[in-house]
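Novice: From just these sequences and the hints, can you work out the full model?
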Amino acid sequence: MAPSPTPVPSVINMVGSGPKNAGTEKPPALSFTASPPTNSYSSFRALLKYNFLKSMVTESQGGRTVASPASAGLLLMLLALPPAAPSCPMLCTCYSSPPTVSCQANNFSSVPLSLPPSTQRLFLQNNLIRTLRPGTFGPSLLTLWLFSNNLSTIYPGTFRHLQALEELDLGDNRHLRSLEPDTFQGLERLQSLHLYRCQLSSLPGNIFRGLVSLQYLYLQENSLLHLQEVQQCGLPFESTRLGVC
1 MAPSPTPVPS VINMVGSGPK NAGTEKPPAL SFTASPPTNS YSSFRALLKY
51 NFLKSMVTES QGGRTVASPA SAGLLLMLLA LPPAAPSCPM LCTCYSSPPT
101 VSCQANNFSS VPLSLPPSTQ RLFLQNNLIR TLRPGTFGPS LLTLWLFSNN
151 LSTIYPGTFR HLQALEELDL GDNRHLRSLE PDTFQGLERL QSLHLYRCQL
201 SSLPGNIFRG LVSLQYLYLQ ENSLLHLQEV QQCGLPFEST RLGVC
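To convert, note that position 21 of the sequence shown is 21 in UniProt numbering; the numbers rise steadily by one, no gaps.
Treat the hints loosely; a few may be bogus.
[Claimed, not checked] What follows is a set of in silico ranges between Cβ atoms, one per label pair, in the way DEER data are often shown:
#1 Ser223 - Leu128: 18 to 24 Å
#2 Thr153 - Ser96: 32 to 38 Å
#3 Asn106 - Arg177: 23 to 29 Å
#4 His161 - Gln215: 21 to 27 Å
None of these hints come from the bench; they were simulated from the model. From the three backbone atoms N, C-alpha and C, an ideal C-beta is built for every residue, glycine too.
Specialist: What follows is the structure in C-alpha cells.
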C-alpha cells in the first residue's frame with residue numbers, strides 16, 4: 001500500500017515576533033499546518049511579515065498551480081510599493097516640498113519637455129528660451145519665472161490652462177515687443193505679473209481682462225507712450241498696483 005501523500009501547507013504560522021536586528025539574530029522559526037486558508041488579503045499579508053523567504057518555486061495542489069509563499073510575498077511587496085517619482089529634467093534641480101523644478105542659467109533654448117506634472121514652482125530664468133507654446137506647462141503651477149530669456153513669441157493659449165498660477169515673471173525679455181490679446185486668458189488667480197524691460201511699445205485692448213485677482217503689474221522700462229494704453233486694457237485698477245516708471 002502506497003504511503004499517503006504529505007499534505008500541502010496552506011497557512012503559515014509564525015513563531016516569534018521577527019528579527020529586531022537583521023544579521024545578528026536568526027530568522028523566526030516557521031511551522032506549517034494544513035488548516036484551511038482564511039481567504040483574507042490582510043491576514044495573508046500579516047502572516048508573511050518578518051520572514052526571510054527565498055524560494056520562488058510554485059507548488060502543485062490538487063491539479064492547480066499555487067504560488068509559493070515567497071512569490072506571494074514578493075507580489076504583496078510589489079503591490080505595496082509607491083508609484084515611481086517623476087524624473088527630474090536633465091541639468092535641473094528638483095525639490096519635493098513644495099514640488100519645485102529649478103532650471104535657471106543652463107542655456108536652455110526651449111522649455112524642458114519632461115517636467116513633472118505636479119510641479120508647483122518652475123524657475124527658468126536666465127536661459128535662451130525664445131518661444132512659448134500651448135501645452136508646455138502643467139496645470140499645478142503656482143509660480144513661473146521666465147525672466148531674462150530671449151522670448152520673442154508667446155503663442156495664444158500658452159497659459160490658458162494654468163488656472164492656479166499666482167505669479168508670472170516675463171520681465172527682461174528684450175525681444176518681446178508685442179503680445180496677443182488673449183495671452184493671459186484663463187489666469188483668474190494671477191496676483192503678480194512682471195512685464196518690465198520687454199520693449200513693449202503698445203498693448204492690445206483688454207489684454208488684462210479676466211485677471212480678477214491681479215494685485216501687482218510691472219511695466220517699467222518699456223516703450224509705452226501713454227498710460228491710457230494701460231488703462232484701456234481691462235485692469236481692475238482699484239486693486240492693482242501699477243509699476244510703469
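Novice: Which numbered hints turn out to be false for this structure?
Specialist: Structure breaks no hint.
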